[in-house]
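These are the residues of each chain, in order.
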Amino acid sequence: MSDKDTSDQQLVIAFKKADTKQYAYYQIITKYQEKVYWVIRKMVIDHDDANDLTQEVFIKVWNKLAQFRGESGLYTWIYKIATNECLSFLRKKSKRFFVPILDVKSELLKKIDQASHIDGDQIQIALQKALLKLPDQQRLVFNLRYFEEMPFKDIAKITGKSEGGLKANYHHAMKKIEEFMKSY
Amino acid sequence: MSKKINEEHWNKKTPFTVPERYFEQLPQQIQARVRQEPKTYWLTTPVWKLGLSALMFAIVMGVAVYLNNGKASSEELLAEVSNKELIAYLAYEELCDVDVLAEVDLSELSIDESALLELTPEEIEQEIENSDELEFYM
Chain A
1 MSDKDTSDQQ LVIAFKKADT KQYAYYQIIT KYQEKVYWVI RKMVIDHDDA
51 NDLTQEVFIK VWNKLAQFRG ESGLYTWIYK IATNECLSFL RKKSKRFFVP
101 ILDVKSELLK KIDQASHIDG DQIQIALQKA LLKLPDQQRL VFNLRYFEEM
151 PFKDIAKITG KSEGGLKANY HHAMKKIEEF MKSY
Chain B
1001 MSKKINEEHW NKKTPFTVPE RYFEQLPQQI QARVRQEPKT YWLTTPVWKL
1051 GLSALMFAIV MGVAVYLNNG KASSEELLAE VSNKELIAYL AYEELCDVDV
1101 LAEVDLSELS IDESALLELT PEEIEQEIEN SDELEFYM
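Line order of the protein sequences matches chains A and B. Okay, so the first sequence: first residue is 1 according to the working numbering, each after it adds one. Okay, so the second sequence: first residue is 1001 according to the working numbering, each after it adds one.
Keep in mind the hints are simulated off the structure, nothing from the lab. Predicted, not measured: the structure shown is a model, and the values here were computed from it. Every residue, glycine too, gets a C-beta built ideally from N, C-alpha and C. Check each hint, because a few of them may be wrong.
Claimed, not checked - Just so you have them, the derived chain B footprint on chain A, three or more residues with Cβ under 8 Å:
hint, region
1, 18-32
2, 123-132
To be verified - Some chain B residues well away from chain A (every beta-carbon gap over 12 Å; in silico):
hint, residue
3, Glu-1024
4, Ile-1030
5, Lys-1049
6, Leu-1052
7, Ser-1053
8, Leu-1055
9, Phe-1057
10, Ile-1059
11, Val-1065
12, Tyr-1066
13, Ala-1079
14, Glu-1125
Next comes chain A alone, as it looks inside the complex (with noise of 0.2 Å):
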């Protein structure tokens, strides 16, 4: 077991605990805003969509792990609760227009433009667009493990797909984005 697993497994048993549970919770929270954080926000693009959605996963997280059993690790279960969240704000967002997936994905393509705290160079830009043309699930599983650099077999814990279709799915989302990006 890593270090990381025996100091998250001592923070759910301080959480359990009344007299440590506030110290525990806070800890938990400046150990994993960041990270939740960031993936929320490459999915969703707005800050202000990703600062709510970070505060509903620590919510659910101050109510539910109580009742964590440990069988995956802490940070397993933080992320499957954050890339839940995305995933249903996402498909909520889609409910509301009658064409689905290109009004919301239009939305998004806006947001990298216009939208405030958004500041990179051309190909940065031009690669969030590339992504936008990916489905959630697909766009999701390419998050994590470009950018987050996430081994496969964590991904499949959090996802709950195998590695080896996970595997095949990055490598097309792969082949997707450089034609994408060629064409640039």
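With chain A fixed as given, assemble chain B onto it according to the hints.
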């Protein structure tokens, strides 16, 4: 721009930024929200249990409505019967005054029972003759 861009030109950076001191303030904001949010039954109860409770309640209410449906009170039923029919029924049943009076709930009449005990038979007779309410039952 038509230059070939391949993965070598990408980097792991994204164009996204955050407001200044965002991550310094986020933990306090989250903890403040957690302190404010009440822990409600429906947040911590599994969805299937809530659904089952709702279903049971709907079944009980449905049965109650079905059993009570169309049941009017005895007063409402009686009000629908005409006086002619009542008189005919009473004549058919050969009920006498005593039988009718036996069914009367004296508490519905404005007669003071304790006062009745102190009345003479003549006074009781007079009271009955004078009472409009009692006539209703005759």
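Hints, one by one, checked against the model:
1. 18-32: Result for this restraint: holds, n = 5.
2. 123-132: That given contact holds, which follows from 6 residues of the region 123-132 of chain A lying within Cβ reach (below 8 Å) of chain B.
3. Glu-1024: violated (10 Å)
4. Ile-1030: violated (5 Å)
5. Lys-1049: holds (14 Å)
6. Leu-1052: Consistent with the label, Leu-1052(B) stays out of reach of chain A, its closest Cβ about 20 Å off (over 12 Å).
7. Ser-1053: holds (20 Å)
8. Leu-1055: Holds, because the least Cβ-Cβ distance between Leu-1055(B) and chain A comes to about 25 Å, which exceeds 12 Å.
9. Phe-1057: holds (25 Å)
10. Ile-1059: Holds: least Cβ distance 30 Å, greater than 12 Å.
11. Val-1065: holds (35 Å)
12. Tyr-1066: Check passes; 37 Å lies beyond 12 Å.
13. Ala-1079: Holds: least Cβ distance 55 Å, greater than 12 Å.
14. Glu-1125: holds (79 Å)
Consistency with the previously given hints fails for numbers 3 and 4, ordered from lowest to highest.
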